[in-house]
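Undergrad: These protein sequence lines are chains A and B, in that order.
Residue 1 is where the first sequence starts when you use full-length UniProt numbering, and the numbers rise one by one after that.
Residue 1 is where the second sequence starts when you use full-length UniProt numbering, and the numbers rise one by one after that.
Quick caveat, the hints were computed from the structure, so don't treat them as lab data.
Note that the structure is a prediction, hence the values are computed from the model and not measured.
Selected chain B positions facing chain A (in silico; Cβ < 7 Å): (1) D272; (2) V273; (3) Q275; (4) T279; (5) A283; (6) V285.
From the derived model, a few chain A residues whose C-beta atoms are all more than 12 Å from chain B: (7) E2; (8) S93; (9) K96; (10) G167.
Each residue gets a CB set at the ideal place from its N, CA and C atoms; glycine is no exception.
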Amino acid sequence: MEAVVKKYQQKYRKVKDEMGSWEELQARLLSQFSNASSIVQRLQVIHKSRNYGGLKCVEGIEGAVLAKQMESLQTILLSMNKTLEDFHGVVLSIEKIVCDSRQLVKGGSAQLATKQLKQQIGVKPSVADCLDGLRLLEEMHQSEYHLKLSVVSALPEIALKLSGGDGDLDALRQLLVDQPNIPREEVQLIFDMVFPEEIC
Amino acid sequence: MEPRESHFQSPIVTKPPFFTPQQSSSPSSAPAPSSAIRLWKPAAQRNVRNQWSKLLALFQDWCSSSSSARSHAISLVNSFLSQKYMNGMDLGVLSDMPNIRTKACQKLFKQQELYRCKLLSCYKDMVAIVTRMVNSSRSMRCYLKGSRTSPLAQFSCSSQNDNDSGDAGGIPVFTFWSIAAFEELASEVVQMFTSELNLKRLLVLELLSISDERVLQEIELHWSDEFYEGEFDDLSTCNLYLEEACEPVFPSLRSSRSSTSSMQSKHQADSDVLQVYLTTWLAEVNIDRCRLDEIFAIVGEEMHVNLS
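So here's chain B without its partners, still in its complex pose (with noise of 0.2 Å):
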């Protein structure tokens, strides 16, 4: 018992400069009694385990989300691309067809709606998948609930307590980490696909936009539109959101932090440049999956689970 108790009050236990300062500056706030600490442990590991498996299972319909996206976009530019081009296409004996052209690009602006609505409706769910990965890194915590003295001890996600700062004052959870260490990890992980969805909403909304120059279209999209209901709110969790501009952060590589200058509107969009947005859509350049596999390795090392 006592190498335990002089354990969780070292200053030495790992506790990198993260998170909410208030408590990095008061480290280990009133260490509870070790028998609260004997049934905190147990409570906090459960919950770092389902947190973290819930990460893995949110990178995989991330994955799936993201796949689909971009074959919808795939379709989307193919059809763009073969009304663009309808003057100028070979039809061979359906020439003669009477407004077979007109009727040919009817049809596939039609298309492009659907696959509008389509990519649209991929973006949404990987918003989500993105806010519930947040909302999960920062759900690591575990506070105990109601009275430190009461016999029976609960726990939550929530702290009902100043001085409970759910991390059992920077003790390893398991063998060696504190909530801390697996907090860092996660934002980490969150980071990148946080990032990502940024590039992807820029990207969503270049694809949104590419249209016939004959057609007219009704309704021209910018950064600073909601793209659908509710998209801001997601947005704000992730930190996307800037809230005096009104506007989505720009997005910007990991590496760079810089922030760019403003958007320039409407592109041309020829194929080679739908090309490099198809493409840097699936580079997922701001998603390091070394770093990803390795995080999930280690983690789930320090937990005793298989993450993978």
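Looking at chain A on its own, in the form it has when it is part of the complex (with noise of 0.2 Å):
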């Protein structure tokens, strides 16, 4: 039993990594958004004629400038998408470790009771407790990234409008930081619950 726990524990060290990971993409993203939405911001000043100033006599200035923006812009929202690629590789990562944990229970030597699976020896989690865990955990992951897409895709929405996009622009970007679909004490939790001895 205990080595079934074992392994459950190595799964989450996996999942640990994974979300490694995930950490890193989130800073990244949230470096385009901004880059992103500095430019949306401009979009709106940009585009009006009547603020170009002394450069009002350089003929064709406004179409230039607002159409370079426009493909800085397309080039971040771009390389946005690349970064969701990569988050859903991460999401795919962390099903495959859960599907496998899930091996562990159904095709081991001995198919486990269900008052094994319940068993708790001392301060070690039982091994249902486990796979709870990394059934949340996976949905969590799950969750938010589908939330980081729709964020994404409402970012084109926003720059066409040309036109007070700064409320929403900043609660989109709210929305990006607090991963709302990953709290981060019911990640702890869950961590603590399999790694008692850690807990100092």
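Using the hints, put the two standalone chains together into the complex.
TA: Rendered as structure tokens:
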């Protein structure tokens, strides 16, 4: 029984690694988002020719500046989509780990009885708890990935509106920062449960 | 030996209608003897490689100067706006301090002076960079120095002989391209930077001119003024100075060659306008990065070096 729990702990370590890459991607996405939103905010100002002051006498300058900024925005959006793909990769890896961990119970030499699954030895978690925790982590990351997808897909629309998107942008940024589907305390509780010996 | 001989005499040699017209009207002026060609090639290759790696390094210098200029411009604008809105600012507990607003304004004014100097010095660097680019793009040719029959062949960047066009009659320098083809691409690169420099000069003028209405500015800057000593010499090298009018060429976009109406003077510098200036500085509308990367890539490929 203890051996099975040990194996689960290994799975959790793998998930932890994946969550590490998730954090890196999160930092990358946030910086890309702030670059994109500073362009989006500028768009409102640069598409009005009355804001060109001394540049007004350079023919076609408004169109050229606007086109260049749109181009940069496009590039940033593409790289954001690339980041999202990488997020998806992390989600897939976690799914794979969880799927493998189910096999630990089902495919083992002896089918574990429900009673065994719930059996707890000392501070060690039960196998059922380990399974639940993994599934929870998987769900959190799946939902958060879908949330990020919809946030990023909302950006071009705000950019096209060209007016008063500031509030929207702030709200979206906050959503990205908060990661509401991955509550930190809950994640910590799961890991504390699986690695009781590491709590100090 | 035979096929090469016939190759450089053939009129198919790529010679774009570019640069000095008197040369393209009489192509392949007196093909040099094959021994001279043999000696010319390595010297010409070395020179073309050098000039192109200089162009690349200058492009990188441009990027760093342009970005530090932009950060000085941002600081200048921020300082100016703080000064402008000083009266409306809520200073909290500090508002009881005697003359706090006046002192703060004086400080901000001094700061702006500093940022103006820094911005101007970056602009100066950029002019120098573009001037060097222009010179590089014009130094692609490689001329035979001394007598043609001399056993010791030497080469130089300037022609000593009217018959020597410095391109060995338009033969390929490496594999396919003649000197003229390299020159044409170099001039495309240089044109992006000269027109951007020209636009940035206007931005520098506008940014240096922002000042609080309450503070009398002693020297008002005009487009026709020389921003620093020697600027006009460099601008003439870059073909950005009109000798007859005694003022720099007025900026226009690379895409539209029509010259525009005269400048208006003194603009209201509100924060939106200043933001547009800063964005225009960043956008580098005359520089097509994709095309630039493409040019450096294909030139590098032709020269068998990696320009990136």
